[in-house]
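Student: Sequence:
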Amino acid sequence: MRLHHLGTKIVLSELRSDFWILRGRQAINKVLHKCLPFKLSKLECGNQIESPLPSESVTPSLPFSTTGIDFAGSLYVRNKSPSDTTCIALFTCATTRTLHIERVSDLSTDKFLLAF
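Each residue of the sequence shown is one higher than the one before, starting from 33 at the first, in our numbering.
If you are wondering where the hints come from, they were derived from the structure by calculation, not from laboratory data. Predicted model only: the values in this text are computed from it and were never measured. No residue lacks a Cβ here, since even glycine has one placed at the ideal position from N, Cα and C. Heads up, a few of these hints could be off.
Said to hold, decoys possible - Okay, the calculated beta carbon distance ranges per label pair:
1. E76 x L146: 54 to 60 Å
2. S83 x L145: 54 to 60 Å
3. S87 x Y108: 35 to 41 Å
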């Protein structure tokens with residue numbers, strides 16, 4: 033009998049149309065609580081708690097008015113010389129999530145100011 037895990041009352045009602053089982057409700061509960069698909073069908077989904085968005089992302093403003101900066105260094109470049117390395121400066125806009133990449137020769141402050 034396939035009742036698609038509808039619960040004790042419906043299973044008992046369907047069984048009583050053909051059979052009378054002594055302590056039927058207890059027997060059905062015992063079987064249903066061992067049934068994994070029944071347990072999974074009765075679970076509630078968890079609610080995810082989301083953190084509030086930063087005010088820079090929510091309030092309208094000009095692009096790159098709030099900027100995140102990161103350096104990534106010692107990247108190998110395919111050029112004429114085999115041991116050519118470079119670094120990059122990443123500028124990320126907090127409002128539009130735009131990314132601007134500048135190539136710099138090293139990670140010094142002077143090169144950062146030139147890229148900025």
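Student: Between S87 and Y108, is the Cβ distance one that fits in 35 to 41 Å?
Tutor: holds, 40 Å
Student: Check the following: the C-beta atoms of E76 and L146 are separated by a distance inside 54 to 60 Å.
Tutor: holds, 57 Å
Student: Please test the hint of 54 to 60 Å on the beta carbon pair from S83 and L145.
Tutor: violated, 34 Å
In summary, the one numbered hint that this structure violates is 2.
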